[in-house]
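Peer 1: Sequence:
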Amino acid sequence: MDLLLPTMAAHLARWEARPFHDTVALGPAPGDKRDVYTRRIGHEPQGAPAADGPYRRAADAILGYRIFPDSVIAGVLRRAPVHVGDTVGIRYRGLGLVHLFFAARVVAVFDGPDAGGWRAGFTYRTLRGHPELGEETFAVTRRATGEVEVSLTAWSRPGTWLARLLPFVVRFLQVRGSRAALTNLAAVAANR
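Those letters in the sequence shown? Residues 2 to 193, by my numbering.
Since the hints were derived computationally from the structure, they do not count as laboratory data. Careful: at least some of the hints might be erroneous.
Label pairs and their computed distance ranges (CB to CB) [unchecked claim]:
#	residue 1	residue 2	range
1	His84	Asp3	37 to 43 Å
2	Ala26	Phe111	18 to 24 Å
3	Asn192	Pro114	22 to 28 Å
4	His12	Asp71	14 to 20 Å
5	Leu167	Ala30	17 to 23 Å
6	Arg40	Val85	23 to 29 Å
7	Met2	Asp33	17 to 23 Å
8	Val37	Ala116	16 to 22 Å
9	Asp53	Gly32	25 to 31 Å
Where a beta carbon is used, it is the ideal one built from N, C-alpha and C, also for glycine.
Put together the whole structure using the sequences plus the hints.
Peer 2: Structure representation (structure tokens):
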């Protein structure tokens with residue numbers, strides 16, 4: 002994790018060469034935090050998703066890593082939309098005079114029809130130096146009924162000594178970020 006002043010640039014290159022946390026590929030262990038956040042964000046007529054409807058607007062925001070309000074988390078990317086293998090930089094601005102910077106790597110991207118309708122999003126795993134060791138999936142789903150829902154699904158455990166020292170602070174920041182993401186994606190889907 003890098004500590005930055007608000008005027009300092011975040012350097013993604015340092016993170017692109019980093020490996021995943023040692024055990025992240027093994028998946029969740031007993032005692033890990035498991036989170037599922039969902040919010041209904043709109044409705045569309047049945048059939049294919051509307052070109053500028055809530056589903057497509059949310060999908061474009063997720064795949065471009067514009068998931069969070071910029072005042073809380075700013076994404077640092079080489080390209081958008083994200084692709085498998087891309088490193089996604091996460092600049093956490095929610096601490097006032099100090100920003101935190103860390104990264105994760107995209108391991109799956111999806112965008113198209115699925116068994117229940119349509120689904121778009123991606124999954125990333127944390128890299129060494131990220132405060133948390135884990136995996137998160139950001140998705141928007143458009144059901145056959147036309148209902149549109151965003152979701153964040155994750156598992157995690159402390160990944161640095163600082164996160165192990167301050168687990169309640171890290172947890173507060175995680176929950177705050179996830180709730181802010183749902184609110185932001187709902188606003189994007191409503192075109193606000």
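Peer 1: Run every hint past the structure and note whether it holds.
Peer 2: For each hint, the structure was consulted:
Restraint check, His84 to Asp3: a C-beta distance of roughly 24 Å breaks the suggested window 37 to 43 Å. The given range of 18 to 24 Å is respected by Ala26 and Phe111, whose C-beta atoms sit roughly 19 Å from each other. Against the hinted window of 22 to 28 Å, the Cβ-Cβ separation of Asn192 and Pro114 comes to about 24 Å, which satisfies the hint. For the hinted restraint 14 to 20 Å between His12 and Asp71, the CB-CB distance of approximately 19 Å keeps it satisfied.
Checked against the hint of 17 to 23 Å, the pair Leu167 and Ala30 passes, with Cβ atoms roughly 20 Å apart. Hint check: Arg40 to Val85, Cβ distance near 26 Å, so the stated range 23 to 29 Å holds. For the hinted restraint 17 to 23 Å between Met2 and Asp33, the CB-CB distance of approximately 19 Å keeps it satisfied. Under the hint 16 to 22 Å, the C-beta atoms of Val37 and Ala116, about 19 Å apart, fit the expected range.
One distance hint, 25 to 31 Å for the beta-carbon pair Asp53 and Gly32, is violated here, with the actual separation near 44 Å.
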